[in-house]
Amino acid sequence: MNGFTTLMRRELALSWGRGGGPLLALAFYLSIATLLPLAIGSEPGRLAAIAPGAAWIGLALASLLSLERLFERDYEDGALDLLALGPAPLELAAFAKCLAQWITTGAPLALLAPVAAIALGAAPSLAPVTFAAALIGGLGFSFCGGIGAALSLGARRGGVLIAVIVLPLFAPPVIFGGGAVAAYAAGLDWRTGLMLLGAYSLAMAALGPFAMAAACRNALS
Amino acid sequence: MLDFDAGKYAPYVWTAYGLTAAVFVLMVADTLARARRWRRKVRDRETDKTP
Amino acid sequence: MIAALANPERFMRFSRWAAPLFGVIAVALGAVGLWLDFIAPPDYQQHYTVHIMFIHVPAAWMSLFVYGCLAGASFIGLVFRHSLADAAARAAAPLGAGFTFLALVTGSLWGKPTWGTWWVWDARLTSVLVLFLFYLGYLALQAAIDDEQRAARACAILALVGAINLPIVHFSVTWWNTLHQGSSVFRKGGPTMPPVYLEPLLILSLAYMAAFGALWLVRIRGEVWRKRANALALRAAG
Numbered sequence: 021m022n023g024f025t026t027l028m029r030r031e032l033a034l035s036w037g038r039g040g041g042p043l044l045a046l047a048f049y050l051s052i053a054t055l056l057p058l059a060i061g062s063e064p065g066r067l068a069a070i071a072p073g074a075a076w077i078g079l080a081l082a083s084l085l086s087l088e089r090l091f092e093r094d095y096e097d098g099a100l101d102l103l104a105l106g107p108a109p110l111e112l113a114a115f116a117k118c119l120a121q122w123i124t125t126g127a128p129l130a131l132l133a134p135v136a137a138i139a140l141g142a143a144p145s146l147a148p149v150t151f152a153a154a155l156i157g158g159l160g161f162s163f164c165g166g167i168g169a170a171l172s173l174g175a176r177r178g179g180v181l182i183a184v185i186v187l188p189l190f191a192p193p194v195i196f197g198g199g200a201v202a203a204y205a206a207g208l209d210w211r212t213g214l215m216l217l218g219a220y221s222l223a224m225a226a227l228g229p230f231a232m233a234a235a236c237r238n239a240l241s
Numbered sequence: 381m382l383d384f385d386a387g388k389y390a391p392y393v394w395t396a397y398g399l400t401a402a403v404f405v406l407m408v409a410d411t412l413a414r415a416r417r418w419r420r421k422v423r424d425r426e427t428d429k430t431p
Numbered sequence: 005m006i007a008a009l010a011n012p013e014r015f016m017r018f019s020r021w022a023a024p025l026f027g028v029i030a031v032a033l034g035a036v037g038l039w040l041d042f043i044a045p046p047d048y049q050q051h052y053t054v055h056i057m058f059i060h061v062p063a064a065w066m067s068l069f070v071y072g073c074l075a076g077a078s079f080i081g082l083v084f085r086h087s088l089a090d091a092a093a094r095a096a097a098p099l100g101a102g103f104t105f106l107a108l109v110t111g112s113l114w115g116k117p118t119w120g121t122w123w124v125w126d127a128r129l130t131s132v133l134v135l136f137l138f139y140l141g142y143l144a145l146q147a148a149i150d151d152e153q154r155a156a157r158a159c160a161i162l163a164l165v166g167a168i169n170l171p172i173v174h175f176s177v178t179w180w181n182t183l184h185q186g187s188s189v190f191r192k193g194g195p196t197m198p199p200v201y202l203e204p205l206l207i208l209s210l211a212y213m214a215a216f217g218a219l220w221l222v223r224i225r226g227e228v229w230r231k232r233a234n235a236l237a238l239r240a241a242g
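Protein chains in written order, with the working numbering: chain A, 21 to 241; chain B, 381 to 431; chain C, 5 to 242.
No lab work stands behind these hints, which were simulated from the structure alone.
Computed from a predicted model, the values in this text were never measured in an experiment.
The reader is advised that the hints may include incorrect statements.
[Stated by the list, open to error] Derived lysine to any residue pairs resembling SDA-like cross-links, with alpha carbons at most 25 Å apart:
{"no.": "1", "chain 1": "B", "residue 1": "K388", "chain 2": "C", "residue 2": "Y52"}
{"no.": "2", "chain 1": "B", "residue 1": "K421", "chain 2": "C", "residue 2": "L236"}
{"no.": "3", "chain 1": "B", "residue 1": "K421", "chain 2": "C", "residue 2": "W39"}
{"no.": "4", "chain 1": "B", "residue 1": "K388", "chain 2": "C", "residue 2": "W123"}
{"no.": "5", "chain 1": "C", "residue 1": "K231", "chain 2": "C", "residue 2": "A22"}
{"no.": "6", "chain 1": "B", "residue 1": "K388", "chain 2": "C", "residue 2": "W39"}
All chains should be built: construct the whole structure from the sequences, respecting the hints.
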């Protein structure tokens, strides 16, 4: 457990300090929330209808922002080599990276999500479900995104490439989370949606690191 | 015997068939062109080396 | 049988006669299938647009089948480190993207006159759309990594991750639809298909498979020659 704590402490420090921590992602998220009414027109009815879903999508996009540097800095300065050869398995290091990213960026974004949704016209009663979906879904986004980031190591046009790779993987959490919030709004069963979302995020957290480690080893070879 | 009278659905049906034909032609042409190009390169480089 | 083909020399000998054979079978089955297609009478519900079904369903089936081949080849390439398997995966991807594109477009053209909309977010169509996005991501990743072996391995990992993801996507959309509309069933031609429709559908599906077989074999041959040409160039330079 000691190795894991060291890894976590390192990753938390890195992701918090990296380019202002979550501030960039938060600012991006607010920009999307501001641009949406400008694009759709501010009739309260139309905007309110899509508000929870839009807030959810904005969250997915904002998570994509922080992904590119997830492995790249360590890859460039050789730290990834050390992690690969070190005592702790590379899978654990990958797990720590994504977990730290969720804690430092995903969680703050999750706090912002209900605010954005309400600002776009969603009913305040939706706030708790939106927050829950954003928090649980954010975990899934971090780990799916980590897979994309690891696969794009050493590739050209990393940022856009990660987004293209990762979008099909984002589809299930987006559908489950969006469905849960929409069900809550319509008075239907929302718990199933959140449970499915949780199941997906946990599965990605458990399996993702193996794909990430394999991709890192491939990039280092 | 063969029924080609599409009536009002003609634009949909024939566009679908047309696109299918186009994509098939594209796939076949690209596949054959690639294979031929690389086969030719192998031949060229092999004959280059014979003393 | 696959182990027997693993040797590149043996594969080249096999594909030399197999590829043209598959091509001939594809053309023959295609001709028969199209004949039966246009003999079939208009459906009482879908009228003449039922003819789109005969080229939509095989395309959709192929988009999944090719993906299965891609994932299988990727798995073999990753686990057994076999360069021919890598070549097979690389060769299958553009063909898969082509079939998926056709599935989406013909599906749209079929949906508009039949159900009034260009697109429906049902489980099947949404999964095919995500599959198309996957193919694009796969091709993008392949193009973005310069080192071939590294590109093949990265793409293989992506293919396997995607293989796990696709049924989840299908399930998630099914779940979403049952949430809102009860179960919306878009059935093609009714619960049981009459033989006058089933025959051309099956024959055209087989024609599409034979066509893929021929094209895939030729593309893999192209890959083998490409690697040989590159190896020769390296030797000449060194």
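Status of the hints after comparison with the structure:
no.	hint	in the structure
1	K388/B - Y52/C	9 Å, holds
2	K421/B - L236/C	9 Å, holds
3	K421/B - W39/C	41 Å, violated
4	K388/B - W123/C	20 Å, holds
5	K231/C - A22/C	21 Å, holds
6	K388/B - W39/C	22 Å, holds
Taken one by one, the earlier hints fail for this structure only at number 3.
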